[in-house]
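Guided by the hints, dock chain B onto chain A, whose structure is given.
Protein chains in written order, with the numbering used here: chain A, 29 to 139; chain B, 96 to 209.
Calculated from the structure, these hints are not laboratory results.
Here the structure is a predicted model, which means the values were calculated and not measured.
Among the hints, a few may not be true.
[Stated by the list, open to error] The list that follows gives simulated cross-link-like pairs (lysine-lysine, DSS-like), each with its CA atoms no further than 30 Å apart: (1) B:136 <-> A:83; (2) B:193 <-> B:115; (3) B:193 <-> A:96; (4) A:96 <-> A:81; (5) B:115 <-> B:150; (6) B:136 <-> A:96; (7) B:109 <-> B:150; (8) A:81 <-> B:193; (9) A:83 <-> B:193; (10) B:159 <-> B:136; (11) B:161 <-> B:193; (12) B:136 <-> A:82; (13) A:83 <-> A:96; (14) A:82 <-> B:193; (15) B:115 <-> B:136; (16) B:109 <-> B:193; (17) B:159 <-> B:115; (18) B:136 <-> B:161; (19) B:161 <-> B:150.
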Amino acid sequence: KNEVEQSPQNLTAQEGEFITINCSYSVGISALHWLQQHPGGGIVSLFMLSSGKKKHGRLIATINIQEKHSSLHITASHPRDSAVYICAVRSERTSGSRLTFGEGTQLTVNP
Amino acid sequence: GAVVSQHPSWVICKSGTSVKIECRSLDFQATTMFWYRQFPKQSLMLMATSNEGSKATYEQGVEKDKFLINHASLTLSTLTVTSAHPEDSSFYICSASKTQETQYFGPGTRLLVL
Numbered sequence: 029k030n031e032v033e034q035s036p037q038n039l040t041a042q043e044g045e046f047i048t049i050n051c052s053y054s055v056g057i058s059a060l061h062w063l064q065q066h067p068g069g070g071i072v073s074l075f076m077l078s079s080g081k082k083k084h085g086r087l088i089a090t091i092n093i094q095e096k097h098s099s100l101h102i103t104a105s106h107p108r109d110s111a112v113y114i115c116a117v118r119s120e121r122t123s124g125s126r127l128t129f130g131e132g133t134q135l136t137v138n139p
Numbered sequence: 096g097a098v099v100s101q102h103p104s105w106v107i108c109k110s111g112t113s114v115k116i117e118c119r120s121l122d123f124q125a126t127t128m129f130w131y132r133q134f135p136k137q138s139l140m141l142m143a144t145s146n147e148g149s150k151a152t153y154e155q156g157v158e159k160d161k162f163l164i165n166h167a168s169l170t171l172s173t174l175t176v177t178s179a180h181p182e183d184s185s186f187y188i189c190s191a192s193k194t195q196e197t198q199y200f201g202p203g204t205r206l207l208v209l
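So that you can see chain B by itself, here it is in the shape it has in the complex:
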C-alpha cells in the first residue's frame, strides 16, 4: 500500500523558534503533496498544495513567509513554521498523491508552542 510518514510526530518549542516538519512518501513517488492544519474538534484546513520542483500554492489567508514549504523531491516535502507563536500550536497533517485519484495521509505532527 501507499505509506506516508511524518517527522516528528510531536514537537514542543519556545515562541520565536522555527520548526521543520517532514513528510515522506515511503513507497511511491508523490507528484503532489498537501499540507493541512487541524484545530481541536474541527476538520482539516488546507494550507497549501505543493508540486515537486515548483513553488507551493497557498490558500487564502495562509502566510507563505510564515509557513515555508519545500518539495525538493518526489518523496519529500517539508513545512517550516518560522518564528512560531502559541497561536501556531495545532495538528499539522500532510498527504501525498501519485495520481489525481487518491490522497494518502501522514500520521500528523502535533505542535505546541510555549
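Chain A extracted, bound-state conformation:
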C-alpha cells in the first residue's frame, strides 16, 4: 500500500462543474502539498497545508490531520484546469523537505 493514495485516478468533467480530488496518507506528516502538472510536464505548487483550509482563486484545499485526509476542490471548472493534480506529503520522520508523492489524478475538463 502506498503511503499516499489519491482518488480518483482519472476524472472527466464538464466546464463549470465543481470538482473534488481526494488524498489519503498513512504516515504522520508535517505538511501536505498539492501540485499541478500540465501536459508539457512543468509542475506548479498550488498549496502547502499543515492544517485547516486554504483558498486561492477557484481552488480550495482542506486537510484533516486526525483522519489523514486532504481534498482539493475546483469551483467553476474550466478546460484550462485540465492537468494532473498530485498530492505530496512531507513525513514527520524525514528530515529536510523531502516529499512522498501520490500517483496523481488526471483531470480533463471539457468545454
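Chain B only, in chain A's frame:
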C-alpha cells in the same frame, strides 16, 4: 516568487553518450536540490537529494556512477547521465528548496536516447 529553471528543456542523444542537465534557482539560494525522473503516466520518482558543497544522497536502486550529481553552488545543480541508453529516456525534473518548507520545481527536461 521562487523560480527554478532547467536546461536543456529537451535533448536527443545517441546511445553511449553523456548528457548534462542543469538546474538553477534564479532568484533564491537553494540549500537543497532534488532530482526526480518521471515515466509516462507515473508519478515522480526521487533519484537523489543534493546539498550544496556535499555529496548527493542517492535513493535505493539509483546508480550514482551513472547519474552524476554536482551541486557546486547555492544556485546550480547538474545531473549528468553517463553512457546513456534507451532505457534512460525519461522526463527529468529538479526542484530546489531554500527552507524545510517548500520545494520549487523546474520545468523538466525530456531526454530521448536513440
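Output the numbers, in ascending order, of every earlier hint that fails for this structure.
-> 16
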